[in-house]
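Q: Given only the sequences and the hints, what does the whole structure look like? Please build it.
Residue numbers (full-length UniProt numbering), protein chains in the order written: chain S, 1 to 619; chain W, 1 to 315.
Simulated from the structure, these hints should not be mistaken for lab results.
Where is the CB? At the ideal position from N, CA and C, for every residue including glycine.
Careful, some of the hints might be misleading.
[Stated by the list, open to error] Chain S is faced by these chain W residues, among others (derived, beta-carbon under 8 Å):
(1) T76
(2) R170
(3) T174
(4) G252
(5) P256
(6) T257
(7) A271
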Amino acid sequence: MSTHDQHGSGRTARRPWRARLLAAAGACALLLASGAVAPPVSADEGEGGGDSTLTVAVAQSVDSLSPFLAVRLLSTSIHKLTYEYLTNYDAKDNHVIPGLATEWKASPDKLTWTYKIRSDSKWSDGQQATAEDAAWTFNKMMTDPGAATANGSFVGNFEKVTAPSPTELVIRLKKPQATMTALDVPIVPKHVWEKVGDLSKFNNDKDFPVVGNGPFVLTDYKPDSYVRLKANKDFWRGAPKFDNLIFRYYKDQDAAVAALRKGEVSFVAGSPSLTPAQADSLKGEENIRVNDAPGRRFYALATNPGARAKDGTKFGDGDPSLLDQRVRNALFMAVDRKAIVDRVFQGHAVEGAGYIPPRFSQYFYEPAAGQELAYDPAGAAKLLDEAGYRTNGDGKRVGKDGKPLNYRVLCHATDPNDKAVGKYLQEWWGDLGISITLDCLDNVTDPWLAGKYDLAFDGWSVNPDPDFVLSIHTCAALPATPKDTGATDNFICDKKYDELYARQLGEYDTGKRADVVKQMQSRLYDTGYMNVMAYPNAVEAYRTDQIESITTMPSAAGNIYGQDGYWSWWSAVPADSGDSSGGSSSTGTVIGIVAGVVVLVGLGVLFAVRRRATADERE
Amino acid sequence: MTAETTENPAGPPGKAADAPSPRALARRRRRASAARFWKEYRAHRAGLFGLAALTLFVLVALTAPLTVGSDVDSVTDAPGQPLESPSGRFPLGTDQFGRDLLGLLVWGSRVSLLVGLLAAALSVAIGAVIGITAGHFRGWYATVMMRITDWFLVMPTLVLAIVLATVMSRSLGTIVLAIGVTTWPTTARLVRAQTLAVESRPYIERARALGGGHWHVMSRHVLPNVMPLVLAQTTLIISSAILAEATLAFLGLGDPTVVSWGGLLQDAREAGSVSSGDWWYLVPPGVGIAVVALAFTLCGRAVEAVLNPRLGVSR
Numbered sequence: 001m002s003t004h005d006q007h008g009s010g011r012t013a014r015r016p017w018r019a020r021l022l023a024a025a026g027a028c029a030l031l032l033a034s035g036a037v038a039p040p041v042s043a044d045e046g047e048g049g050g051d052s053t054l055t056v057a058v059a060q061s062v063d064s065l066s067p068f069l070a071v072r073l074l075s076t077s078i079h080k081l082t083y084e085y086l087t088n089y090d091a092k093d094n095h096v097i098p099g100l101a102t103e104w105k106a107s108p109d110k111l112t113w114t115y116k117i118r119s120d121s122k123w124s125d126g127q128q129a130t131a132e133d134a135a136w137t138f139n140k141m142m143t144d145p146g147a148a149t150a151n152g153s154f155v156g157n158f159e160k161v162t163a164p165s166p167t168e169l170v171i172r173l174k175k176p177q178a179t180m181t182a183l184d185v186p187i188v189p190k191h192v193w194e195k196v197g198d199l200s201k202f203n204n205d206k207d208f209p210v211v212g213n214g215p216f217v218l219t220d221y222k223p224d225s226y227v228r229l230k231a232n233k234d235f236w237r238g239a240p241k242f243d244n245l246i247f248r249y250y251k252d253q254d255a256a257v258a259a260l261r262k263g264e265v266s267f268v269a270g271s272p273s274l275t276p277a278q279a280d281s282l283k284g285e286e287n288i289r290v291n292d293a294p295g296r297r298f299y300a301l302a303t304n305p306g307a308r309a310k311d312g313t314k315f316g317d318g319d320p321s322l323l324d325q326r327v328r329n330a331l332f333m334a335v336d337r338k339a340i341v342d343r344v345f346q347g348h349a350v351e352g353a354g355y356i357p358p359r360f361s362q363y364f365y366e367p368a369a370g371q372e373l374a375y376d377p378a379g380a381a382k383l384l385d386e387a388g389y390r391t392n393g394d395g396k397r398v399g400k401d402g403k404p405l406n407y408r409v410l411c412h413a414t415d416p417n418d419k420a421v422g423k424y425l426q427e428w429w430g431d432l433g434i435s436i437t438l439d440c441l442d443n444v445t446d447p448w449l450a451g452k453y454d455l456a457f458d459g460w461s462v463n464p465d466p467d468f469v470l471s472i473h474t475c476a477a478l479p480a481t482p483k484d485t486g487a488t489d490n491f492i493c494d495k496k497y498d499e500l501y502a503r504q505l506g507e508y509d510t511g512k513r514a515d516v517v518k519q520m521q522s523r524l525y526d527t528g529y530m531n532v533m534a535y536p537n538a539v540e541a542y543r544t545d546q547i548e549s550i551t552t553m554p555s556a557a558g559n560i561y562g563q564d565g566y567w568s569w570w571s572a573v574p575a576d577s578g579d580s581s582g583g584s585s586s587t588g589t590v591i592g593i594v595a596g597v598v599v600l601v602g603l604g605v606l607f608a609v610r611r612r613a614t615a616d617e618r619e
Numbered sequence: 001m002t003a004e005t006t007e008n009p010a011g012p013p014g015k016a017a018d019a020p021s022p023r024a025l026a027r028r029r030r031r032a033s034a035a036r037f038w039k040e041y042r043a044h045r046a047g048l049f050g051l052a053a054l055t056l057f058v059l060v061a062l063t064a065p066l067t068v069g070s071d072v073d074s075v076t077d078a079p080g081q082p083l084e085s086p087s088g089r090f091p092l093g094t095d096q097f098g099r100d101l102l103g104l105l106v107w108g109s110r111v112s113l114l115v116g117l118l119a120a121a122l123s124v125a126i127g128a129v130i131g132i133t134a135g136h137f138r139g140w141y142a143t144v145m146m147r148i149t150d151w152f153l154v155m156p157t158l159v160l161a162i163v164l165a166t167v168m169s170r171s172l173g174t175i176v177l178a179i180g181v182t183t184w185p186t187t188a189r190l191v192r193a194q195t196l197a198v199e200s201r202p203y204i205e206r207a208r209a210l211g212g213g214h215w216h217v218m219s220r221h222v223l224p225n226v227m228p229l230v231l232a233q234t235t236l237i238i239s240s241a242i243l244a245e246a247t248l249a250f251l252g253l254g255d256p257t258v259v260s261w262g263g264l265l266q267d268a269r270e271a272g273s274v275s276s277g278d279w280w281y282l283v284p285p286g287v288g289i290a291v292v293a294l295a296f297t298l299c300g301r302a303v304e305a306v307l308n309p310r311l312g313v314s315r
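A: As C-alpha cells, then:
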C-alpha cells in the first residue's frame, strides 16, 4: 500500500522496513557496527577538513528519489530539503507561509489563482528558478499519468496552468479547491526534467549532484545504505549551519540506538518511535536528549466495510457481521483505549478520539458526551445481543450462519505495537465471546488491496491540511474495478461523508471549513469503520554534543524528523565539540578492529593447539 | 524394535514346545539388551547430565499448568509494571506487558519442547522412509530420490524454512512442518548408507530366496538394523529443531499469540531491551534454549556411542 503514502503522510505503520530478517545478525551488527559503519564518517573528515556533518539514523529505505514517484516519509522528507514548494508551513504553528511563491490570491469566482514567484531562488546549476518551472511541473502531472503517481490528487481539479511571466504563475480550476495554499508538490527544474523520457520509470538516482533549489543538494545515494546531502550555500532563506547531512539506513532500531550512544549518528528518527524501554534508557544518558512530542499520526482499527470497486463489484471476504454498525461499535466499546496508552505505549501516546490528532487543534474533533463510544464491555455485550449475535453453549457468539464469530485481524509484523495491541484485543473480545486470528504479515498490502481481512491496524500521518487523509475515505477513491488499485484506505463509501467532503473542499473560509471537517470526523466516528485508538508520540533522540540546537515543529512540543518543511535540518546548529565525535568513532573503530584481531588470533591459536593435541588421534 | 513380533526368527522352530514361548523369549532378550544399554549409557557422564537436565525440563513443562497456570500469558491481567527488574515477587522480572517472566519462561518451554520433538520426529520419519526405500529399491527411484535429497541438502535450511513459514499461515503446525521438511536430508543420506550396508549381508539374500518381499525385507530386516542410527539421529535433530524454532520465532515468523522461548527473545528485541540493557528479559530464554539443545545433544552423543561400537571410546 505504499502508493497510499502520499506526500510525506507516510503510513508509517505500513512502512516497508521489513528487511528485518537480517536482524538475526543483530548481535553481529552491534559488534561490527563500529567497524562497518565508521569509514564513511572518517571519509567526511578527510574530504572537507572542518566540515560539519549531521548523520540521521532512519529505519526506512528510499522508494524513489523522483518527486513524481516518491511516497515514503524518508523520500518525501528528502524532497522537502532539495526542492522548493509553492508554499511552506510555519515551524511555529503550521500556518501557511511563502515558499517559492511570495504571495498569492484567488479571483472573486474562486477559480483562478495567481502566484507571484520569487526571483531570488536559483537552481544548483546556476539557472534561475521561474514560474515556467512550476507550470511545467503541474502540466506534466496533468498530462502524464506516470508523473501523477505520487501527487496526482492535487492537480485532478486543475483546468489550465500557465506562466505569463517568469515571476507569475496562474492556475485555473474546474471547481473551487481549498487546498490551493497547501499544494505539497515539489517544483522541479524544467531544463533538466524535460530531457527525461518515461517519468514513471525514472528514479532520479543516476546523475549526482541532483539539480535542486532547496536548502540542501542531493549529492550521493546508495540503495538501502545512505543518502548524502550537501548544504546549499546560496539558499535564499539562508544557508544551513551543517555542511553535510546524511540519512543512514538502520534495519534495526536497537542498532541505531547503539550507534547514537557511541556518537556514530547524531540523531535517531522517531519513525518508528523509539520503544518506551529505549527512550527510558536514553533519558539517563549524558549528552543525549530524548524528544517526546505529540505525533502527527493516528493509530486506528479499521473494519472491512465490504470491499467494492467503483463499478459496483463486490470483492474480498470481510465478515458479513461487520456490515452491522452495532457490531462495529460494540467491538470498539470493548477496547480500553486508556489501557493501550498506559500499557502498550507506556504514556508515549494520547488516547484516541476523532480522526485528526489533537496537535492540529483547528481540525481536532472530540465526540460529544452522548455520542462517545466509551470503554464499556457490558454495554458492548448488550449491543451485540441486540444485533442478534448471541452466545451459544460454549460462550461463543455465533454469526447468522450459525458458526462462532472469528475475525481475522491484519497486523504489521514490522510494528511491535500491532502485535501488542492484538494480544489485548484477543482477550477483550474473547471476554465478549468473539475470537480473533492475528495475521501478522511483513507485507499486508496484498490481502489489504484484495479486501481479504475483517479488521486491520491502520495509521496515517496527517498533514497540516487534512484534505488528503480525508479524501482516502470517499467513494471517488475506490478502485475502478477489483483489479485496480484505488487511493482508498479502507473501501469506505458513505454518501453523507462524501457530501461533507465536497463541501469542505470548496470552502475557502478556514473557520467554516474546519466545522465541516469536524462533521466529517463525527460521521466517520459513528460509522465505526475507522476506530482511532491512540495518537502515538514521535519519540526520537539526538546527541547534544553534536547538535547544539534544532527546531521542532510546532515549536512548542513538536517533532523533528518528518516535519512538514525543512526546518529541523535547515536550522540545526552544530555543537562546538562536534569534531570530537569523529575522533571517538575512529577510536571506536580502532578498538573494534583490535578486538576483532585479538579474537581471530585467539581462535587461531586455540585451533592450532587443539589440532596438535588431537594430532595422533586423527587418522 | 520389532516390537510385536510373533515369531523368533533366530530360535529353532522345532523345540518351541518345552522352551518358553517365543514372545517371552523376545521380551527377555529385549529386557537384557535394555539393561545392557543402560549400563553402557551410565558410563557416559555427559550423557547422564543431559538426561537429568532433560528430565527436569520435561517435568517443568508437563507440570506448568499446575505451577504457573495458563493465565500467565494474559496481558490484561498482568500483575506487574512493564519491564520491572528481578525482585522477590518476580524472580526474573517482568516483560513489557508486566507479565511474570519466570512464568512465561516455564510456559514457553512447553511450546519449545513440543515443536522440537514433533519437528524432529517428522524430519527423521521423512529421512528414514526416503533413506530406506532409496537404499532398498536402487535404480532410477534411488537416483531421483537422492538427487532430491541433494537438492534439499544444499539449500540453506533456514532460508527454506523462512520461505515455508512465510507462505503458509502462522501456526505451530506450520513451524513444525517448515523445520521437518527442511532438515531431513542428512538423515536420509545416513539411513540410505546403512541400508545399503545391511542389504549386502548374506541373510538378506537368504530372506529374499525364502520369498521375503520388499515390505518384509525393509520392515523386518533393514528397519531394525538402522533403528539405532535413527534413534541417535532423532535426539541430535531435536536440538537443532529447537534452535530452528527459536530462530523462526525470533525472526517473527512464529504465531505471535503463542509464548515460546524464541518468541520471548523476539518480544524482548522489539521492546528494545537489547539497547536498554534489560538483561533479565533476554538472558533466561536464551539460556533455556542453549541448555535444552545441549542436553539433547549430550544424550544423542551418548546414545550414538553406545549403539555404534565403532565410535567406541567415550570422549
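Q: The structure should be examined with respect to each hint, and the outcome stated for every one.
A: Hint by hint, here is what the structure shows:
1. T76: 5 Å, holds
2. R170: 7 Å, holds
3. T174: Violated. Min distance 13 Å.
4. G252: At 5 Å from the nearest chain S Cβ, W:G252 passes the 8 Å test, so the hint holds.
5. P256: 5 Å, holds
6. T257: 6 Å, holds
7. A271: 5 Å, holds
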